[in-house]
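Here is what each chain is made of, one letter per residue.
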Amino acid sequence: MVETAIKIDNVSFKYRNADSFALKRVTFEVAEGEFILLAGFSGSGKSTLLKCLNGLIPHFHAGRFGGTVEIFGESTLESDTPQLAKQVGFVFQNPENQISNLTVEREIAFPLENFGVPKNEIISRVDELVALLNMEEIRYRSPYSISGGEQQLTAIAAALALDPKILVLDEVTAHLSPRSAVHILTLLNELNKKHKKTIIIAEHRLDRCLNFADKLAFLEKGQLKVFGDLQAVFQSKEFPTNMLPKIPSLFLKLDKKIGLLGDKTSTIPLTVDELVATLNNR
Amino acid sequence: MSLKILEYFNYLEHKSPMHYIDPRGKTLFIIAITCLTIYLDQIIPMCIILVALLPLIYFGNFMKRWLKSLLFLIPVILLVVILNALFLKIDYPTTIAIVLGLRLIILSGFFGLIFQTVSPDDISQTLIKFKFPYSFAWAISTAYRFIPTLAKETNIIIDAQKSRGLQIDRGNLFKRVRNMIPLLIPIFATALRRSWQLAEAIESRGWNATKNRTYLYSLKLKWWDIIVILLSLTLFALFLYLAIADVSLPFWMVYKIPERFELKRLFLIAWEWIKNLFSK
Ligand SMILES: Nc1ncnc2c1ncn2[C@@H]1O[C@H](COP(=O)(O)OP(=O)(O)OP(=O)(O)O)[C@@H](O)[C@H]1O
Ligand SMILES: [Mg+2]
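Taken in sequence, the protein lines are chains W and H.
Under the working numbering, think of the first position of the first sequence as 23, with each following residue one higher.
Under the working numbering, think of the first position of the second sequence as 62, with each following residue one higher.
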């Protein structure tokens, strides 16, 4: 049986100096090994929700917190941020402002140093991660002389240093060129499939994730509007049409015009191949 | 306004041989050299120190930057030398003034070199070795390291505000200072946001998870560091010996600008000559 990795139950949060709740009664569960997309417009509370997963909320950000977040059955309220760091790796949106060490290698070693891991183990773990993410060339570079994509790669490596089972990423491709973005997303897919990491990522480029994401959560004004597998979400009335990825969007427009979708239960194609197949089968 | 000066703080990625010397050794060395340079007041010893400095600057990859900074320093130094030579009320004022100028050149070279070849990391590692709390050492190295980023961002903000019509280099001093306010607000805001994001990031990486933090790298004295330290101690001992025993330098080290070439005298002669020129 697959374990429940994340259980979010009725979570609400209001930042101390804010007038309204950034999260309102959000409830959902993530099984171990799933790849979850988190979508929502700017200010909808995506970052806030993600920060609940590694305990930054409520331990780091003060405010009114309600409900429970459980990571592998343990409430974040009963844990502290360092303990949660071992279970949940977090990568932030801004590549530059999350790297605090002088070289890439040191940034990767930083979490291990914080936990007092012996030096020889740190070295072998860093070797491992550098090989895994193909970072040999930038290993000894300064984080300020490498590209944004390489900075995010560094941040991902640092987030993986403690070998967490869950990886949380907050719009990590937002500042990147399309090419680096695809590189990062491909890598995340590999981490998910090969290394069994549970991944939850806030992401604007839904198109790029359709072939490997399991589920999608859509937030609006702090409320979880839809959550489920991609099919269910894209067919849901709650999901805004202007946020639909290209192929489903095209398909639904065509469907509206010329009625491609014969009966309402058939599936929406997500990729070009699926679209072609659907059109052929008509 | 020029942000060029910030480049001085830039941590060099490409290391020079000087980078591999332990910062503790370098600190001792600069203390010894500073004491000696300030104590000695003869031209020849100053020139010897200056000549000894050149290979160090060369191996520290610092020659170009040093010469560039001297370009700005020389006018100031010249002014200091001339004023001292004219107005010092002692014997041989020109000699002392020249020593003063050489001293400034030497110290700018040594301090620049040390600045250039001590990485922010060296600073924090040294603090850790001296049992400062890790958070303090971290803050120092991070602050130092963000200076270039801050400079870059400041430039972006200046450009943005200029494109909105802000005139930074116009008007009198008071106006210019007032013009800085539209710059300071966004600069402060970005810095504040950065510090929050940085705090979130280190918190997510297990900051303060244990009291017994380990380090991937820590300072270790190598054989060449021992040499540097011994050399520094020797220089320092020499300084103490000269200062306490009050010995006089060997005769070949003592050279004074002859009376005939005293700057004051040359000035007076020139002055008379000019007066004669016009009185005719
Ligand atoms: N530190 C904070 N203090 C007060 N209010 C905050 C803070 N951070 C976020 N908020 C507010 O909480 C709400 C949700 O913000 P959040 O950053 O979670 O949205 P988001 O979906 O991540 O947006 P974006 O796509 O712009 O990153 C917003 O209204 C925002 O103004
Ligand atoms: Mg966000």
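There may be inaccurate statements among the hints.
Below, in silico cross-link-like pairs of lysine to aspartate or glutamate (EDC-like), each with a Cα-Cα straight-line distance of 20 Å or less [to be verified]:
(1) W:K141 x H:D183
(2) H:K272 x W:E143
(3) W:K268 x W:E296
(4) W:K36 x W:E242
(5) W:K275 x W:E296
(6) H:K272 x W:D102
(7) H:K76 x W:E159
(8) H:K76 x W:E143
(9) H:K213 x W:E118
(10) W:K237 x W:E212
(11) W:K187 x W:E150
The hints are simulated quantities; they were obtained by calculation from the structure and are not laboratory data.
So, going through the hints one by one against the coordinates:
For the hint pairing K141 (chain W) with D183 (chain H), the CA-to-CA distance comes to about 18 Å; that is within 20 Å, so the pair holds. Straight-line distance between C-alpha atoms of K272 (chain H) and E143 (chain W) comes to about 18 Å, which keeps the hinted pair within the 20 Å bound. Between K268 (chain W) and E296 (chain W), the direct Cα distance comes to roughly 13 Å. Compliance with the 20 Å bound is thereby established for this hinted pair. A hinted pair counts as satisfied when its Cα atoms are at most 20 Å apart, and K36 (chain W) with E242 (chain W) qualifies at roughly 15 Å.
Between K275 (chain W) and E296 (chain W) the CA atoms are separated by roughly 16 Å; this keeps the pair inside 20 Å, and the hint holds. A distance of roughly 15 Å separates the Cα atoms of K272 (chain H) and D102 (chain W); the hinted pair therefore holds under the 20 Å criterion. This hinted pair checks out: K76 (chain H) and E159 (chain W) have alpha carbons roughly 17 Å apart, not beyond 20 Å. Straight-line distance between C-alpha atoms of K76 (chain H) and E143 (chain W) comes to about 27 Å, which puts the hinted pair past the 20 Å bound.
This hinted pair checks out: K213 (chain H) and E118 (chain W) have alpha carbons roughly 12 Å apart, not beyond 20 Å. Proximity of K237 (chain W) to E212 (chain W) is assessed by CA-CA distance (about 17 Å); at most 20 Å being required, the pair is judged to hold. Of the pairs offered as hints, the one joining K187 (chain W) and E150 (chain W) holds, with about 17 Å between alpha carbons and a cut-off of 20 Å not exceeded.
Of the numbered hints given earlier, the model fails hint 8 alone.
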